[in-house]
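K.L.:
One-letter residues, chain by chain:
Number of protein chains: 2
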Amino acid sequence: MNAEIVAVGTELLLGQIANTNGAYLAQKLAEIGVNVYYQTVVGDNPKRLEGVLKVAESRSDLVLTIGGLGPTEDDLTKQIVARHLGEPLVTDQAAKTKIDEYAARTGKNLTPNNAKQALKIQHAISLTNHNGFAVGDLYLNQQGASYVLLPGPPAECLMMIDRELIPQLKKQGHQNHVFSSRVMRFIGIGESKLVDDLSDLIDHQTNPTIAPYAKMAEVTLRVTASAVDEDHAETLIQGVVNQILARDGQYFYGYGDDNSLADVVVNQLIERQLSVTAAESLTAGEFQSTIGNVPGVSAVFPGGFVTYANQAKHHLLSIPQTVIDNQGVVSEATAIWMAKQAKAKMKTDIAVSFTGVAGPDELEGQPAGTVWIGIAYRDEEPKAYLYHFTNGRQQVRARSVMAGLDLIRQKLTVH
Amino acid sequence: MNAEIVAVGTELLLGQIANTNGAYLAQKLAEIGVNVYYQTVVGDNPKRLEGVLKVAESRSDLVLTIGGLGPTEDDLTKQIVARHLGEPLVTDQAAKTKIDEYAARTGKNLTPNNAKQALKIQHAISLTNHNGFAVGDLYLNQQGASYVLLPGPPAECLMMIDRELIPQLKKQGHQNHVFSSRVMRFIGIGESKLVDDLSDLIDHQTNPTIAPYAKMAEVTLRVTASAVDEDHAETLIQGVVNQILARDGQYFYGYGDDNSLADVVVNQLIERQLSVTAAESLTAGEFQSTIGNVPGVSAVFPGGFVTYANQAKHHLLSIPQTVIDNQGVVSEATAIWMAKQAKAKMKTDIAVSFTGVAGPDELEGQPAGTVWIGIAYRDEEPKAYLYHFTNGRQQVRARSVMAGLDLIRQKLTVH
Numbered sequence: 001m002n003a004e005i006v007a008v009g010t011e012l013l014l015g016q017i018a019n020t021n022g023a024y025l026a027q028k029l030a031e032i033g034v035n036v037y038y039q040t041v042v043g044d045n046p047k048r049l050e051g052v053l054k055v056a057e058s059r060s061d062l063v064l065t066i067g068g069l070g071p072t073e074d075d076l077t078k079q080i081v082a083r084h085l086g087e088p089l090v091t092d093q094a095a096k097t098k099i100d101e102y103a104a105r106t107g108k109n110l111t112p113n114n115a116k117q118a119l120k121i122q123h124a125i126s127l128t129n130h131n132g133f134a135v136g137d138l139y140l141n142q143q144g145a146s147y148v149l150l151p152g153p154p155a156e157c158l159m160m161i162d163r164e165l166i167p168q169l170k171k172q173g174h175q176n177h178v179f180s181s182r183v184m185r186f187i188g189i190g191e192s193k194l195v196d197d198l199s200d201l202i203d204h205q206t207n208p209t210i211a212p213y214a215k216m217a218e219v220t221l222r223v224t225a226s227a228v229d230e231d232h233a234e235t236l237i238q239g240v241v242n243q244i245l246a247r248d249g250q251y252f253y254g255y256g257d258d259n260s261l262a263d264v265v266v267n268q269l270i271e272r273q274l275s276v277t278a279a280e281s282l283t284a285g286e287f288q289s290t291i292g293n294v295p296g297v298s299a300v301f302p303g304g305f306v307t308y309a310n311q312a313k314h315h316l317l318s319i320p321q322t323v324i325d326n327q328g329v330v331s332e333a334t335a336i337w338m339a340k341q342a343k344a345k346m347k348t349d350i351a352v353s354f355t356g357v358a359g360p361d362e363l364e365g366q367p368a369g370t371v372w373i374g375i376a377y378r379d380e381e382p383k384a385y386l387y388h389f390t391n392g393r394q395q396v397r398a399r400s401v402m403a404g405l406d407l408i409r410q411k412l413t414v415h
Numbered sequence: 001m002n003a004e005i006v007a008v009g010t011e012l013l014l015g016q017i018a019n020t021n022g023a024y025l026a027q028k029l030a031e032i033g034v035n036v037y038y039q040t041v042v043g044d045n046p047k048r049l050e051g052v053l054k055v056a057e058s059r060s061d062l063v064l065t066i067g068g069l070g071p072t073e074d075d076l077t078k079q080i081v082a083r084h085l086g087e088p089l090v091t092d093q094a095a096k097t098k099i100d101e102y103a104a105r106t107g108k109n110l111t112p113n114n115a116k117q118a119l120k121i122q123h124a125i126s127l128t129n130h131n132g133f134a135v136g137d138l139y140l141n142q143q144g145a146s147y148v149l150l151p152g153p154p155a156e157c158l159m160m161i162d163r164e165l166i167p168q169l170k171k172q173g174h175q176n177h178v179f180s181s182r183v184m185r186f187i188g189i190g191e192s193k194l195v196d197d198l199s200d201l202i203d204h205q206t207n208p209t210i211a212p213y214a215k216m217a218e219v220t221l222r223v224t225a226s227a228v229d230e231d232h233a234e235t236l237i238q239g240v241v242n243q244i245l246a247r248d249g250q251y252f253y254g255y256g257d258d259n260s261l262a263d264v265v266v267n268q269l270i271e272r273q274l275s276v277t278a279a280e281s282l283t284a285g286e287f288q289s290t291i292g293n294v295p296g297v298s299a300v301f302p303g304g305f306v307t308y309a310n311q312a313k314h315h316l317l318s319i320p321q322t323v324i325d326n327q328g329v330v331s332e333a334t335a336i337w338m339a340k341q342a343k344a345k346m347k348t349d350i351a352v353s354f355t356g357v358a359g360p361d362e363l364e365g366q367p368a369g370t371v372w373i374g375i376a377y378r379d380e381e382p383k384a385y386l387y388h389f390t391n392g393r394q395q396v397r398a399r400s401v402m403a404g405l406d407l408i409r410q411k412l413t414v415h
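Protein chains in written order, with UniProt numbering: chain H, 1 to 415; chain Y, 1 to 415.
Please keep in mind that the hints were generated in silico from the structure rather than gathered at the bench. Don't take every hint at face value.
[Unchecked claim] DSS-like, lysine-lysine: derived pairs with alpha carbons at most 25 Å apart:
(1) K345(Y) <-> K193(H)
(2) K347(H) <-> K345(Y)
(3) K345(H) <-> K347(Y)
(4) K340(Y) <-> K215(H)
(5) K345(Y) <-> K340(H)
(6) K98(Y) <-> K215(H)
(7) K340(Y) <-> K345(H)
(8) K54(H) <-> K347(Y)
(9) K193(H) <-> K411(Y)
(10) K47(Y) <-> K54(H)
(11) K345(H) <-> K411(H)
(12) K98(Y) <-> K54(Y)
(13) K345(H) <-> K54(Y)
(14) K215(H) <-> K96(Y)
[Stated by the list, open to error] Computed footprint of chain Y on chain H, listed as stretches where at least three residues anywhere in the stretch have a Cβ under 8 Å from a Cβ of chain Y:
(15) 32-41
(16) 44-52
(17) 160-168
(18) 186-196
(19) 288-297
Glycine residues also receive a C-beta, built at the ideal position from the N, C-alpha and C atoms.
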């Protein structure tokens, strides 16, 4: 069962709005085992839309259109699909009644265009619109591609997908198997290295599949299995997850699409009742702001320092001027002093420090992207680590924050 | 000149990420008069990608692919387009040097996959990647459709579109008439109020057009004119801009798509040699981090305080405990003390302070979103202002930062 999504609308095509409906529909279809191989966006143009439908039919069993079911002149999807299928449009009585009742209740005079929204393709199954008037269609075709017509406004479209389309497709037996997936998140390892470590697993993947994805300063793997039910899919996924963890477990920090390193680290700190502070130079508060975004952080984070200028490092953190003068502000010694002093002044269990060159210009003869991150942990000797980041000021700062979070994560893993 | 965008990537196809690159590219092409009639998304599958390219060529003069230029096995776009065009892949020397230099600087052993990113299609114009390693291509084809290959990660793709692709297309004369646009940025006024103030201008717009767009805590207007050349377009734009400024000039803070309130404010501070600091509670460093992102800020920003817990306000800023106890931590008095003390301790011309309820829970009986922002400016009596923000922790914090920047902007406008 191969499906293709065709989104209709000039606003989408010109980039004035993003095609979030298409992304959602693809996800929901994947979950019931319907493969989406193509998505197309075309404007409100009858000739080009019909051309797109012909291409779609030639390569897909199910064509799902989104948009163009509304009341205005340029809403033409239903008319074009019906003509293309050689079927007339007929009135859906339930949809018509809903429109009439609305008109009666509000005392509005509805135009003939409103009635247009109650039309459906003859022989199609109607898909009720729970958030609007335009009725959707599921046209099952034994001779060629089947068609689904969905409305464009996201509130209408998503509700129709969930409540009408997916249940109908399941009922029609368009569900071979269950798809289930789990996202694994990694920090401190590049995409190429991770893929290299797992190359045999990835190369021989059939079920589950492993899809790597590089994000800012981290890599995710999406492990997806298909099976007869959720339990079997989970068992398959867990098997592969275990193999991956056996090889690169030290870089793994958590599961989930919406998870983040800051969430994981802050929640570990809260759980273990370890307090944290920071002294930030090049990151200028970005580390503290990032942990500050996690609800509940106030239990472990009293506050900290932004010491951008050298005199602030001296003045706020009492770092001896000789250290900065002799070792340089971007140095192991300064990073260690910053962490040590921040921890002492805020009386926390942990302190991290950031000193480096955000760029674009170099500093003390060191190139943009050179960053020292210090960490002081309880009674241990504080340490600092050297990093080289690239790709501009914003990335250098953001990657520094991720690296600082990762240093805390590593400390918590060891202890 | 009809263009088609082909986005490549299974994650896009399956709806795990939205096709924001495609939307952006369509917008930028429209601005130089290149019509996008189709957008297609296809997975990392060689056969299906080649099929999509054949369809695209049959109906478009320019085919722009996004994605699949990375180092992994499933990054195959360049290989497939090159084979399809009958051209070999050759090494782009500048891109290769950049990768080698990175390897040398970081001491990392790069895999052969990394070198793959420096390949370009023979006879193509290279598009430099300012945020990554994968080089892009512009392949001008007299016999058939021309091709553009762009990388998938948004930071790389958007920068390449702006700095490389659009200038190249303009240079190649892929421009029928000139479209020129200017973005005006407003703070402190809502979209509906602004649109209402300008309703007659917006309703009668033909050339230039005025397109409002609401962003987080600000509103932009894009004024777009078409004309025979840039000069004529600019004259048309300036006429409308003047009318808009006459009505709502007090909310206008700057021009440009990539501009930000932080950029404008920091550059004004630098120009006028006024130094700034901050004491942040609920924003936890986000204000300082935001101004810290503007290159050159070190000239006016020595550093500051993150005083998340009450004891930090007392300890780091020497705010009398009685003020916090009697007035509350989320209060006018505390905000004023925070600004006054931060200014005194850092010896700056200006200090802003943030104290409030980020949420999700209430604090001191005050609901999430209640925020006091203080400002101390030179010898003036410090003041604090009350705000009520909505839409969750992240928005409350981000809107607070924007409001703090706007307070500084207003001070600089008066003085």
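K.L.:
Against each hint, give a clear statement of whether it holds in the structure.
P.N.:
Hint check:
no.: 1; hint: K345(Y) <-> K193(H); in the structure: violated (48 Å)
no.: 2; hint: K347(H) <-> K345(Y); in the structure: holds (21 Å)
no.: 3; hint: K345(H) <-> K347(Y); in the structure: holds (21 Å)
no.: 4; hint: K340(Y) <-> K215(H); in the structure: violated (41 Å)
no.: 5; hint: K345(Y) <-> K340(H); in the structure: holds (22 Å)
no.: 6; hint: K98(Y) <-> K215(H); in the structure: holds (21 Å)
no.: 7; hint: K340(Y) <-> K345(H); in the structure: holds (22 Å)
no.: 8; hint: K54(H) <-> K347(Y); in the structure: violated (71 Å)
no.: 9; hint: K193(H) <-> K411(Y); in the structure: violated (52 Å)
no.: 10; hint: K47(Y) <-> K54(H); in the structure: holds (19 Å)
no.: 11; hint: K345(H) <-> K411(H); in the structure: holds (21 Å)
no.: 12; hint: K98(Y) <-> K54(Y); in the structure: violated (34 Å)
no.: 13; hint: K345(H) <-> K54(Y); in the structure: violated (66 Å)
no.: 14; hint: K215(H) <-> K96(Y); in the structure: holds (23 Å)
no.: 15; hint: 32-41; in the structure: holds (count 6)
no.: 16; hint: 44-52; in the structure: holds (count 4)
no.: 17; hint: 160-168; in the structure: violated (count 0)
no.: 18; hint: 186-196; in the structure: holds (count 5)
no.: 19; hint: 288-297; in the structure: holds (count 7)
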